[in-house]
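Novice: Please construct the entire structure, taking both the sequences and the accompanying hints into account.
This is what each chain is made of:
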Amino acid sequence: SQTIHQWPATLVQPVGSPLSLECTVEGTSNPNLYWYRQAAGRGLQLLFYSVGIGQISSEVPQNLSASRPQDRQFILSSKKLLLSDSGFYLCAWGGGWDMNTEAFFGQGTRLTVV
Amino acid sequence: GQQVMQIPQYQHVQEGEDFTTYCNSSTTLSNIQWYKQRPGGHPVFLIQLVKSGEVKKQKRLTFQFGEAKKNSSLHITATQTTDVGTYFCAGPEGYNFNKFYFGSGTKLNVKP
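Sequences listed follow chains A and B, in order.
Be aware that the first sequence starts at 171, since it is given in our numbering, and climbs by one per residue.
Be aware that the second sequence starts at -10, since it is given in our numbering, and climbs by one per residue.
Among the hints, a few may not be true.
As the list claims (entries may be wrong) - Here are the simulated lysine to aspartate or glutamate pairs, DMTMM-like style, with alpha carbons at most 20 Å apart:
hint	chain 1	residue 1	chain 2	residue 2
1	B	Lys40	A	Asp241
2	B	Lys25	A	Asp241
3	B	Lys45	B	Glu4
4	B	Lys88	A	Asp241
5	B	Lys45	A	Glu272
6	B	Lys40	A	Glu272
7	B	Lys46	A	Glu272
8	B	Lys59	A	Asp241
9	B	Lys40	B	Glu56
10	A	Lys249	A	Glu192
11	B	Lys88	A	Glu229
12	B	Lys45	B	Asp72
13	B	Lys25	B	Glu4
14	B	Lys48	B	Glu6
As the list claims (entries may be wrong) - Counterexamples of contact, computed for chain A against chain B with all Cβ distances above 10 Å:
hint	residue
15	Ser190
16	Glu196
17	Gly197
18	Ser199
19	Arg212
20	Gly224
21	Asp241
22	Ile245
23	Lys249
24	Leu252
25	Leu253
26	Asp255
Stated by the list, open to error - Covered stretches of chain B, as calculated for chain A (at least 3 residues, CB under 8 Å):
hint	region
27	33 to 41
28	88 to 96
Don't read these hints as lab results, they were simulated from the structure.
Note that the structure is predicted; figures quoted are calculated from it, not measured.
For every residue, glycine included, the Cβ atom is placed at its ideal position computed from N, Cα and C.
Specialist: Set out below in structure tokens:
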């Protein structure tokens, strides 16, 4: 069965520090991968999605970037964190446009920028 | 991008009361999905609706997809404390299933 790993679970970082969140998927190949952010008490904002290695689509201009160095690895990064980057970051995978499957989410990373 | 709005934002009910959340899209949706997020947890898929006017049931949960495929609802009959959480609808951008947009969510609190 497919599983999705996301770490760390919680993170407290100072303003101006770099960020690297990693997500890996097991049990499937060529998945669509997604990064969402959820502000406290709010909905899920789509940040990036990827349909293949090295292919990244950005949804919202921001202080973040994403990379997909391997088929089942998706990384969210920032060179310098802002206070507004605080939130709950969720990685997800789905089957993509020709499979129309639901999204499976990782456990999430709760980031607090101080 | 696509706008998917949900109302209400919050709902507090007494255990045993019914609950409904509504999802409205600015554009026609090819399909719509519903997710539940327990407090502190991650969203978990509940169901997908595809056909115009479709109605699906899961025990006490009833999901509807509007005739115009621009709105949807989730109704819970006789809520229980285990229903506590935030309910999200989500839909793709047109037929681009690579991009899924989530509604703002309805946070349900059930008092025992």
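Novice: Are there hints from earlier that the structure breaks, and if so, what are their numbers?
Specialist: Hints 1, 2, 3, 8, 19 are the ones this structure does not satisfy, whereas the remaining hints hold.
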